[in-house]
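Chemist: One line per chain: the protein sequences are C and S, in this order.
The numbering used here runs 53 ahead of the 1-based position in the first sequence.
The numbering used here runs 138 ahead of the 1-based position in the second sequence.
It is possible that part of the hints are untrue.
[What the hints assert, rightly or not] Simulated restraints on C-beta separations:
| no. | chain 1 | residue 1 | chain 2 | residue 2 | range |
| --- | --- | --- | --- | --- | --- |
| 1 | C | S79 | S | P177 | 18 to 26 Å |
| 2 | C | D130 | S | E200 | 41 to 49 Å |
| 3 | C | Y123 | S | Y148 | 35 to 43 Å |
[Claimed, not checked] Cross-link-like lysine-lysine pairs, in silico, DSSO-like; alpha carbons within 30 Å at most:
| no. | chain 1 | residue 1 | chain 2 | residue 2 |
| --- | --- | --- | --- | --- |
| 4 | C | K132 | S | K156 |
| 5 | C | K98 | S | K209 |
| 6 | C | K98 | S | K195 |
| 7 | C | K95 | S | K203 |
| 8 | C | K95 | S | K207 |
Derived from the structure by calculation, the hints contain no laboratory data.
The C-beta atom is built at its ideal place from N, Cα and C for all residues, glycine as well.
Letter by letter, the chains look like this.
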Amino acid sequence: RKEVEQDPGPFNVPEGATVAFNCTYSNSASQSFFWYRQDCRKEPKLLMSVYSSGNEDGRFTAQLNRASQYISLLIRDSKLSDSATYLCVVSPRGSQGNLIFGKGTKLSVKP
Amino acid sequence: EAQVTQNPRYLITVTGKKLTVTCSQNMNHEYMSWYRQDPGLGLRQIYYSMNVEVTDKGDVPEGYKVSRKEKRNFPLILESPSPNQTSLYFCASSYTPRGAGSTDTQYFGPGTRLTVL
Chain C
54 RKEVEQDPGP FNVPEGATVA FNCTYSNSAS QSFFWYRQDC RKEPKLLMSV
104 YSSGNEDGRF TAQLNRASQY ISLLIRDSKL SDSATYLCVV SPRGSQGNLI
154 FGKGTKLSVK P
Chain S
139 EAQVTQNPRY LITVTGKKLT VTCSQNMNHE YMSWYRQDPG LGLRQIYYSM
189 NVEVTDKGDV PEGYKVSRKE KRNFPLILES PSPNQTSLYF CASSYTPRGA
239 GSTDTQYFGP GTRLTVL
């Protein structure tokens, strides 16, 4: 089982749609979790950290299920500008500097 | 402006010719890291540094060297580049290491596209 797995997509959705991305991780001792966004040929940028209690930032909601080793990102009311690749990132416990990136899920929002 | 800079942005070289990709940050960050990104493989960590003179291997360190003599700089050195090191390289920095439970944002540089012929 890969350390961090994501559905590669692409997810093609119309503007205004709600879209959900899922991510699973293999190391049960993982400590920190994040979603990054990467536009084509650009550097990744932090979208949001993921907390055990779940967290929301505007149209974006992230959730963590430690028991199932599962992370999700929900985007409501999709905009054209949401088109990008979304990367799930996990930091294993005991390895402070080591970050494991998923391969990313590509989202394309169409008019 | 707070930023991470990388140079060069694009480089085409030949097998065996030593090269260095520089990375510099102006945010006084302790933590810096190098990644490579390849189609179908995603971002993979090469090396990281928790502070000056403290470096550690990531997931794919073979064929690379790094140094951290100053807080702001973290160069990536390819002593004898090979075609399998053709990739897109990103440098990143943050105040503290992510794994410490920190929520500090990790800032990425714009990337260096390297081709080794």
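Chemist: Now, for every hint given, state plainly whether the structure supports it.
Modeler: Hints, one by one, checked against the model:
no.	hint	result
1	S79(C) / P177(S): 18 to 26 Å	holds, 23 Å
2	D130(C) / E200(S): 41 to 49 Å	holds, 45 Å
3	Y123(C) / Y148(S): 35 to 43 Å	holds, 39 Å
4	K132(C) / K156(S)	violated, 45 Å
5	K98(C) / K209(S)	holds, 22 Å
6	K98(C) / K195(S)	holds, 23 Å
7	K95(C) / K203(S)	holds, 24 Å
8	K95(C) / K207(S)	holds, 28 Å
In summary, the one numbered hint that this structure violates is 4.
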